[in-house]
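2 protein chains.
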Amino acid sequence: MYNHADLKDLVDKAIINLSYNTEAGKLIDPVKYILSIGGKRLRPVLALMACNLFSDKIDEAVIPATGLEVFHNFTLVHDDIMDQAPVRRNFPTVHSKWNINQAVLSGDVMAFIANDCFLQAPPRCTSKVFRVFNKAAIEVCVGQQLDIDFEKAIIVSEDEYLRMIELKTAVLLAASAKIGAIIGGADDKDSELLYEFGRNLGLAFQIQDDLLDIYGDIKVFGKIPGGDIISNKKTFLLVKALEIASGEQHKRLKEQFAMKEFDPETKVKKVIDLYDQLNIKAVTENIANDYINTAFSLLDKIGAVKERKKELAQITCSLIGRNR
Amino acid sequence: MYNHADLKDLVDKAIINLSYNTEAGKLIDPVKYILSIGGKRLRPVLALMACNLFSDKIDEAVIPATGLEVFHNFTLVHDDIMDQAPVRRNFPTVHSKWNINQAVLSGDVMAFIANDCFLQAPPRCTSKVFRVFNKAAIEVCVGQQLDIDFEKAIIVSEDEYLRMIELKTAVLLAASAKIGAIIGGADDKDSELLYEFGRNLGLAFQIQDDLLDIYGDIKVFGKIPGGDIISNKKTFLLVKALEIASGEQHKRLKEQFAMKEFDPETKVKKVIDLYDQLNIKAVTENIANDYINTAFSLLDKIGAVKERKKELAQITCSLIGRNR
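Line by line, the protein sequences are chains F and D.
Going by our numbering, the first residue of the first sequence is number 52, and it counts up by one from there.
Going by our numbering, the first residue of the second sequence is number 52, and it counts up by one from there.
It is worth saying that the hints were derived from the structure and are not from the lab.
There's no promise every hint is true.
You can't tell identical chains apart in this list, so a pair holds if it fits in one copy or across any two.
[To be verified] The calculated lysine-lysine pairs, modelled on BS3-like cross-linking and capped at a C-alpha distance of 30 angstroms, are:
{"#": "1", "residue 1": "Lys318", "residue 2": "Lys302"}
{"#": "2", "residue 1": "Lys83", "residue 2": "Lys186"}
{"#": "3", "residue 1": "Lys285", "residue 2": "Lys186"}
{"#": "4", "residue 1": "Lys64", "residue 2": "Lys91"}
{"#": "5", "residue 1": "Lys203", "residue 2": "Lys83"}
Extracted from the complex, chain F is given alone in its bound form (with noise of 0.2 angstroms):
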């Protein structure tokens, strides 16, 4: 059995010596930027963990988990255009680095060096490894269409919102479950239970991100508290919060996000203080506990003896920061 250093160790191997096509250098150089400058290879790490589940031979599930890393880093260099986003992991962003022309072309490579790695999966179920991956794909973009449509939106309920990522986070951690467990030479139902698995800690670490915006420790995550509140950008807290709210408080958040100008510490301050008013944390913290606790006992209900599953209920644990 590996175990989740192990995991990503191959993984991050497996991503430095991907082959590309290199007559046109400039394509490939900020495919190579942007997959070097690190973040936790969750998806990969996740496919190989759920085929760890049923097979020692994770060999052959390395190069269609990889293509994962490298679909959900095509999804970031064109986000981050469509962001105006300067800087990412602390490195600028490819279109910054270089432009937006190169950012939209060496993303776009990037989606068929992704279809490459799948295309690598074993020939017994390199289709189906395909379906599953494709069908996440297009609802990713989905997802990040309702995300850019919920900017312009006044209101946002609270299911628009967990639908909008689910489709952006969660149905790609899905995927990448399933996609290994397939690898991995599960059945029908426990390739499913691994699909629903990974959308439960999607959703869970998704709504997690949202509160350790404002909750988080500076030290362990290097953003400034609040940039969300900053940004007015619509999160989890906030949409349950314009849910939750009475009359006045519901009418002084609506102010706070429809202010344009405004002095950044008195603005976060106020915001907070109204999520305190309205127990937003705790709130949050237990609809993100609900879905581990269902990813918790869907991961129980899967045809693999209990030692196999401890990788999975590690990663599952730490991306909450909780005990089981």
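For this one, chain F is given, so just place chain D on it according to the hints.
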């Protein structure tokens, strides 16, 4: 056997009947738009003609063939961003009708809609078809990068230019013909012959396109003659002219393309004068003809009855505007 018009009709219907994830309507509107504003559907028609050489069951090739058109239009949407092109086929480009972000994202989803079409190839050859497509897709990105690089280059050699158009245009026609052949049940030798046939056809087609910019009939092609000259675009004519020009002619030609401010009509006239002195029209036509002759000799070698090859021969003639 199906004729050209039948096949184009099949493709047009398949495009109209494509099913989409419509959860975010704004994502799909530009996809429907770009696919609805026409075009010759050359790639899918070529695929279906190649399939029909070997089989009358072309139904199973229709959706994969449609994938080639969706992919081609994906490249147009993103290329138009990079070229800042306001108009395509006499209609506003996607980024000018919507905005750049929408063109990036709706373009992206087209790449995965194309994937979905290839996944609908018959199970006996899904992976094979996908591999042929995906290699071409990566090469098209490389070709676009070379095209961008060449814009800034002072001198581009004939070989470099030919390699660029091979990657940017010809390999997708080659892959289209090969994919059709594979689905039709052709053996490896015939599939490869069709790849080479498509590649030569594509090279001739692109060189012809460069010729038509100057010598084309405005009524037929809908473009003002000399657009490529006015926009300082590197074309086969320019590359070839710079290669064979004497010292003085070379200097005058470079001067024309170095000017930042100029009267368009005068510039077009002066460049055409120089092309005429160098006999560029005939030289270029000869080279396009060589590729067409190679395409015909490849077509002759393919193991299908002559009668079956009629449509492919006809489309080859029509692309280059000649009788066999």
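Status of each hint after checking the structure:
In this homomeric assembly, Lys318 and Lys302 come within 30 angstroms of each other (Cα to Cα) only inside a single copy, at 15 angstroms, whereas the closest approach across copies is 64 angstroms. Proximity of Lys83 and Lys186 under a CA criterion of 30 angstroms is satisfied in both settings, with 26 angstroms inside one chain copy and 19 angstroms between copies. Taking the shortest Cα distances, Lys285 and Lys186 sit within 30 angstroms of each other inside one copy (26 angstroms), while across copies they are farther apart (40 angstroms). In the homo-oligomer, the alpha carbons of Lys64 and Lys91 lie at most 30 angstroms apart inside one protomer (14 angstroms), although the nearest pairing across protomers, at 45 angstroms, exceeds that limit.
In this assembly of identical chains, the alpha carbons of Lys203 and Lys83 lie at most 30 angstroms apart only when taken from different copies (23 angstroms versus 34 angstroms within one copy).
The structure shown violates none of the earlier numbered hints.
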